[in-house]
Amino acid sequence: MGFDSSEPEQRRRLQAALSAAEISTGDLWLYYFGIGGSVGEYEVEAYLQGLLSLPELQRDLLAMAANELFASQSGQRAPYSDELVTDDPHDGDGSPDAGAP
Amino acid sequence: MIRKYPLDELSSVIGRIMGLLLTEEKVDHAVQLLSRAVKESIPGAIGAGVSILDSQARPVSSGFTDAIVERADALQYQLGQGPCLTAWATQESVLVHDVAADPRWPDWSAAVRDLSIRSVVSAPLIADGQGIGAMKIYAAGPGVFEDSTAALMELFATPAATLLSHIQAAEIPERISEGLQAALYSRDMINRACGVLMERHTLTQDQALQLLMRDTRATHSTLREVSAAILTGVTSAPDRGRSDGFR
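From first to last, the protein sequence lines are chains W and V.
Counting along the first sequence from 1, when you hit position 76 you're at 76 in my numbering, and nothing is skipped either side.
Counting along the second sequence from 1, when you hit position 20 you're at 20 in my numbering, and nothing is skipped either side.
Simulated from the structure, these hints should not be mistaken for laboratory data.
Beta carbons: idealized from backbone N, C-alpha and C, even for Gly.
Be a bit skeptical, because a hint or two may be false.
[To be verified] Here are the computed distance ranges between Cβ atoms for each label pair:
#1 Y185/V / A20/W: 27 to 33 angstroms
#2 Q49/W / D66/V: 56 to 62 angstroms
#3 R12/W / T162/V: 31 to 37 angstroms
[What the hints assert, rightly or not] Selected chain V positions facing chain W (Cβ under 10 angstroms, derived; list incomplete):
#4 G44
#5 Y185
#6 T202
#7 Q205
#8 L209
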């Protein structure tokens, strides 16, 4: 599975915001898990390193987790995928395997 | 692509917590055994035990063999003076030939007169160069202990310190499990809110979650707040289909 065109950019900015706010992958993952994230900590780590592609919904949940963790700070935000792609359809989650049956 | 379920992480986190808790239990037990070994290998001893900091950073006695140890120690903590506190602070063993004649801790000496404690050896517990407590032994008569007793106590204090330096990590599993509990609670709530939306608007779970996320962003709130509002709407307004404001 290839990367969506916006994925590297989204990942890079999440990564930058996380390191600016000094939030560890473990903390991010626990929060992301707490808001319904379905990908394991190991995969999240791999995604942040650019080794693994994640479905859009999971990328956006990670961004939301980061932004809620940042809420008390006035630093960088993690972007959502629809903030990066202009021709994004409203329901653009192309992730058959992330859904529940 | 993604097959690994988050439960894998959960089980390993829980496994880590259990491991730490077991370690704490084992440490308590091991220190108790060490104290008993100390008491039994030193003739004339009436009690042994260790002083360490509890989770609120107050000195407490742990693994003591007799109630008299706990009482004599409690007086040291109360008065802020005594051989164990000195051994702890200086990281040097303290040998007391006669409590009644030793001028170093006048208040404590006076306080333990009724407990009939006359001889003391206290050895510091040192882990990674840090004094983390003291191991002590008490005797009823004066002049019971000598320098060789202190040397023997130091031999016991080394493994005790290594064991006890692990017990200090006991708050870590508490913290982990607090975070985990909060995450499980919020995940549960968000999933329930998704369920409500799925049924209400005939959505897949992913679509329901996306709807929640859009509303969260639009209202500058958190996913948890939006979910809580939906669930509150369900209980307060059973007239479903209108309470969430989604179309």
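Each hint tested on the structure:
1. Y185/V / A20/W: 27 to 33 angstroms: holds (29 angstroms)
2. Q49/W / D66/V: 56 to 62 angstroms: The hint (56 to 62 angstroms, Cβ to Cβ) holds, given that Q49/W and D66/V are roughly 57 angstroms apart.
3. R12/W / T162/V: 31 to 37 angstroms: violated (45 angstroms)
4. G44: violated (53 angstroms)
5. Y185: Result: holds, 8 angstroms to nearest chain W Cβ.
6. T202: violated (14 angstroms)
7. Q205: This interface hint holds because 4 angstroms falls under the 10 angstroms limit.
8. L209: holds (6 angstroms)
Violated hints for the displayed structure, listed by number in ascending order: 3, 4 and 6.
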